[in-house]
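Peer 1: Protein chains in written order, with numbering that gives the first Met the number 0: chain A, 0 to 283; chain B, 0 to 102; chain C, 0 to 102.
I should point out that these hints are in silico values taken from the structure, not numbers from a laboratory.
Accuracy of the hints is not assured; some may be wrong.
Cross-link-like lysine-lysine pairs, in silico, BS3-like; alpha carbons within 27 angstroms at most [unchecked claim]:
1) B:93 - A:35
2) C:79 - A:71
3) B:40 - B:70
4) C:31 - B:61
5) B:60 - C:31
6) A:71 - C:66
Which residues of chain B face chain A? A partial, calculated answer using Cβ under 7 angstroms [said to hold, decoys possible]:
7) 47
8) 48
9) 50
10) 51
11) 92
12) 99
13) 100
14) 101
All C-beta atoms in this analysis are idealised placements derived from N, C-alpha and C, irrespective of residue type, glycine included.
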Amino acid sequence: MRTAIQIILTALALVTVASGAPAKAADSVDPAADAKAFQKYFTDKFPKLKLSDFVNGPYSLNEDMHRQWVEKEEFPPYQFSLDAGKEMFEKPFKNGKSYADCFADKGIGVRQNFPTFDEKEGKVITLELALNRCREANGEAPFSYVKDDMAALTAYMAFTSRGKPFDIKIPNDPRALAAFENGREYFYTRRGQLNFSCASCHVQNPGERIRAEILAPALGILNAMPIYRSEWGGMGTISRRFVTCNTQTRGVPLDPQSDEYRDLEYYLSYVSNGLPISGPGARP
Amino acid sequence: MTTFSRAMILALSLIAIATPVLAATDADFKAAYAAADAANKEAFALRNQWTVTATALTEAKKAADAGDFDKAIAAAREAEALAKASIFQAKSEKEAWKAEVIR
Amino acid sequence: MASTIRVRATANGDTTEVQALIQHPMDSGFVKDAKGDLIPPHFIQQVTFEVNGKAVFVADWGTAVSKDPYVKFSFKGGNKGDDLKISWVDNKGETDTTTAKIA
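Go ahead and model the full structure; you've got the sequences and the hints to work with.
Peer 2: As structure tokens, this is what we get:
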């Protein structure tokens, strides 16, 4: 309770101080420059790490955890979900079609291209959304975005893209730029009674502890998704993580594939362009 | 007893009588709850509700259902305060977030 | 149905290292579900590793072991090509078993 109060007081103090600072940099949107500054911030903070190391989050920031991670990768806890995902992906729908028909390259090795910006609809399409749309277009019921089935599917698709660098594109469309900007705004906005923004933990305190956990840097934070999280005793999607992060700051979460979350995923993926997909992953 | 302390006792008794000693009613609760609920709905429109606001509202309803209107009103007032704080947060963050961006 | 046991055993000189990942809910019986009802206990009570019919590792587990347990151990003996048999039995009397060759 005291620690929470201290955090809130510190956070409020930061807000008061920060509001006086010039807001110039945030007014114009240059995603490429943003991504460059974003990556530089983290590589400066952790000079001993290679750019690709960031995709393993806390495991790259702490020697003891790194050892545990190397061991874990020999026999990863996401193995069951991954195997289930492969089976699910290859099984045709009742109408005879399959997931391969909804994606380029039959859906193999394409995860690094998501989210995309759909210029017809004017919105961000995440991999999870694309998968459910594929199901519905073929007469199947959609999966919950936060439960095991969706996680298994995205685990398999991530696995087929392992090692491929994130390649998110922002087309020359003001709506795509707006989505990027919205995602960026969401990322830095404080929310919840505990008054944290995503940045509070993942930009200001990567490598530090929050209770017993070591915080991951925001750079590369989506590359290992979906993850088997020991805390959950199971697999979780990007949607699930956004939802739980919100509740952990005592903010009521939004719908798993709400505009804000999809734009956030768009922003976070783009600024990690060039970093390899490492999913599915495991986390404490 | 000094004149002063007698005056004090008289003053305090008057204050005690003057203060309404009516028990909190269901109507009072409904008003307090409606105010809290309205604020929480405004927070929802700003996409920034807090989980603790919902908890306080639930507690308020539970206390009212059990007939403890004092407790219910207190919880409703707490919920309103929390909802208002979440609105303040959403509004001030509209500008404040820019200062946190990595440059 | 696919086996619940994934295993990898490697012989290195006179020591064999075994890793196994077992799919099992390992419910302690103390956790409540979304409705508020207790999820009944369902956990592995004993897991046995045998090489050429002889037990090399036997573990008595209980509610303190987490879901999808992972176990790693080494033992002296065991040669490439030997059969390693793993079997578990849980508190409901359910079992599974698998055999793999030491690599």
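Peer 1: Decide, hint by hint, whether the structure agrees.
Peer 2: Here's how the hints hold up against the structure:
Annotation: proposed proximity of residue 93 of chain B to residue 35 of chain A holds, straight-line Cα distance about 24 angstroms (limit 27 angstroms). This hinted pair checks out: residue 79 of chain C and residue 71 of chain A have alpha carbons roughly 24 angstroms apart, not beyond 27 angstroms. Our distance criterion of 27 angstroms between C-alpha atoms is met by residue 40 of chain B and residue 70 of chain B, whose separation comes to about 22 angstroms. As the CA atoms of residue 31 of chain C and residue 61 of chain B are separated by approximately 22 angstroms, the hinted pair is consistent with the 27 angstroms bound.
Taking the CA atoms of residue 60 of chain B and residue 31 of chain C, the gap is near 24 angstroms; set against the 27 angstroms cutoff, the hint holds. Taking the CA atoms of residue 71 of chain A and residue 66 of chain C, the gap is about 15 angstroms. The hint holds against a cut of 27 angstroms. With 7 angstroms as the threshold, the beta carbon of residue 47 of chain B comes within range of chain A, its nearest partner Cβ sitting at about 6 angstroms, so the hint holds. Hint status for residue 48 of chain B relative to chain A: holds, with the closest Cβ pair at about 4 angstroms, below 7 angstroms.
About 5 angstroms separates the beta-carbon of residue 50 of chain B from the nearest beta-carbon of chain A, less than 7 angstroms, and the hint is met. For residue 51 of chain B, the shortest C-beta to C-beta distance to chain A is roughly 5 angstroms, which falls under 7 angstroms, so the interface hint holds. With 7 angstroms as the threshold, the beta carbon of residue 92 of chain B comes within range of chain A, its nearest partner Cβ sitting at about 5 angstroms, so the hint holds. The interface hint given for residue 99 of chain B is met, as the beta carbon of that residue sits about 4 angstroms from the closest beta carbon of chain A, less than 7 angstroms.
Interface restraint check for residue 100 of chain B: the shortest CB-CB distance to chain A comes to about 5 angstroms, inside 7 angstroms, so the restraint holds. Below 7 angstroms, beta-carbon pairs count as interface contacts, and residue 101 of chain B has one with chain A at about 5 angstroms; its hint therefore holds.
Violated hints are absent here; each numbered hint is respected by the structure.
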